[in-house]
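Chains as they are written, first to last, in our numbering: chain A, 3 to 319; chain B, 3 to 319.
Simulated from the structure, these hints should not be mistaken for laboratory data.
Don't take each hint at face value.
Same chains, same label: a pair holds when it works inside one copy or across any pair of copies.
Derived DSS-like pairs (lysine-lysine); straight-line CA-CA distance at most 25 Å [unchecked claim]:
id, residue 1, residue 2
1, K22, K36
2, K124, K157
3, K299, K260
4, K124, K299
Quick caveat: nothing in here was measured; it's all calculated off a predicted structure.
There are 2 protein chains.
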Amino acid sequence: MKLVNKILRGDVGAASRLMKDIEDEAPDATDELKKLYPHTGKAYVVGVTGAPGVGKSTLIDTLIKVFCQGAMKVGVIAIDPSSPFTGGAILGDRIRMKYFSKDQSVFIRSIATRGWTGGLSKHTLSMIHVMDAMGKDIVLVETVGSGQVEIDITKIADTSIVALCPGGGDEIQTMKGGILEAADILVVNKADREGADDLKLKLEIMINRRIYSPDQWKPGVFLTQASNGAGVAELMEEIFRHKDFLITSGGLRANREKRARIGLHEAIRSYVENYISEKIANNTYLDNLISDIAERKTDPYSAVSEITDKLIGTTIK
Amino acid sequence: MKLVNKILRGDVGAASRLMKDIEDEAPDATDELKKLYPHTGKAYVVGVTGAPGVGKSTLIDTLIKVFCQGAMKVGVIAIDPSSPFTGGAILGDRIRMKYFSKDQSVFIRSIATRGWTGGLSKHTLSMIHVMDAMGKDIVLVETVGSGQVEIDITKIADTSIVALCPGGGDEIQTMKGGILEAADILVVNKADREGADDLKLKLEIMINRRIYSPDQWKPGVFLTQASNGAGVAELMEEIFRHKDFLITSGGLRANREKRARIGLHEAIRSYVENYISEKIANNTYLDNLISDIAERKTDPYSAVSEITDKLIGTTIK
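The shape of chain A in the complex, shown without the other chains:
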């Protein structure tokens, strides 16, 4: 049976193989993705973001359990900040797989980000497409920080959860900036800790200072204790409340368009990137130019306009 057919039947081995090919940028991967793509668009994408130490992984593990209790199929894409020195993501993956590996309805995949990045890998969207095609109802994407690295998860997810925990105190001042734009749901995890109610209150004050029109989603703040599961069922309910809101408001359709736009953008960028790398690697004209730059006869900023004039000859009408 072909790889694509296997994936459409939910085969974990086949999906893993394609995901590896996507990460390795194997030429065949694109062909497989082309075939899979028409079967995607059904999964609901939930982003879970937060600084290290807030308990994101435990929160996701608990979310998986409540989704599974609701007979839903869950895919998880974990983008851990894994140092090449510690191999953190791989270890974490193994530990978590232990609990779920026998459960066919859950599929967890860590993307070993190259280097130390907690933002999205450029392959994240393709990974989501694979999980979607496998028939997952929910795809959870775990990232560190609401990074603007590569693509921000909040631009991809249908529901974006930002997790915090008490004990940071002052950071609430600095995080004011983007957090309310980024989050559909705010979670104060480790709710048994001192300061949890206070943090919740502060976040609610921040939210209430803003003006939301009736057709705008207003984020709520939820207390959870991922370690024992307290509050996580309520969190799941809120995710579905947000989903219903998106269906009614047309936001779900808009999110699809948004992902299509980002997907196309990424595909073009990746193509142009490879094209440029290739040109720069084997090009006498450029080699001479680079020599001139190294010798300070010209500068890279001036050289670029000359090159791009040659590189981009025609434009889209």
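Dock chain B against chain A, hints included.
Here is chain B on its own, set in the frame of chain A:
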């Protein structure tokens, strides 16, 4: 007096302003960089890389002191993994500036990476150019992990230092991969801790397993205690030993070419990136295509070839 002239005289305020403009991608910044570029190429670039907790910042603070004692002017570019939630980099910057702010020969600049990335920002090379033009003899660039995010510091630096510390134990297995290719000097910091000698020995065994030709640099392993300065003078000596080696072997000239190549590549990428974003933002043809992708009438992977054919009409001969 013009900004460029001020920077060439080492003016910290003017340099800070240009660096801010570079980060904000202000249009004028490129013009200023064009004018500065002919005055660059003198600074020696040292990369300091390592996982969080190994004591990189303290090590750099101590290195600054020994460089200053040698009457050298030092610039530091710190690329901290700063969460938008904690604003870590900014705080760290303030603390460290306290010690050096009155000393005109030291200039420290944190790049607040957007999101959680410890790799290089795409603006790092331009930041180095500014410090170089200011007359800094040494530019230290601090990153977390030897990330392949954006550009890897080891591809930019003249001397790459990889810092470790005892206590990780098992990670030595996983780090085997890239570390020896990446490091010109290995530092075991926190040398007073148990296991420091053992870690040094293991690293030396790894090094001695490899075959180095006589014209190849063989990395050494150094024990330091950045907290009290022990071993840091020896580390500085090793940096200069490596510099002498590069001068003799022609490696310094090669590094300049390498940076010129990366700089040009980045400039082109940035240009093309902006060009594509603009095209995608305001383009009826693309809007229709995106609708088709969202509705699964076509897929982003197929659409890209159609677009790039139109986008890249001519090629460099």
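Okay, the hints, checked on the actual structure:
In this assembly of identical chains, the alpha carbons of K22 and K36 lie at most 25 Å apart only when taken from the same copy (16 Å versus 42 Å across copies). Taking identical chains as interchangeable, the C-alpha atoms of K124 and K157 lie at most 25 Å apart whether they share a chain (13 Å) or sit on different chains (21 Å). When the C-alpha separation of K299 and K260 is checked against a cutoff of 25 Å, the pair qualifies only between copies, where the shortest distance is 16 Å, while the shortest distance within a copy is 44 Å. Taking the closest pair of Cα atoms, K124 and K299 come within 25 Å of each other only across two copies (23 Å); inside a single copy the shortest separation is 36 Å, beyond that limit.
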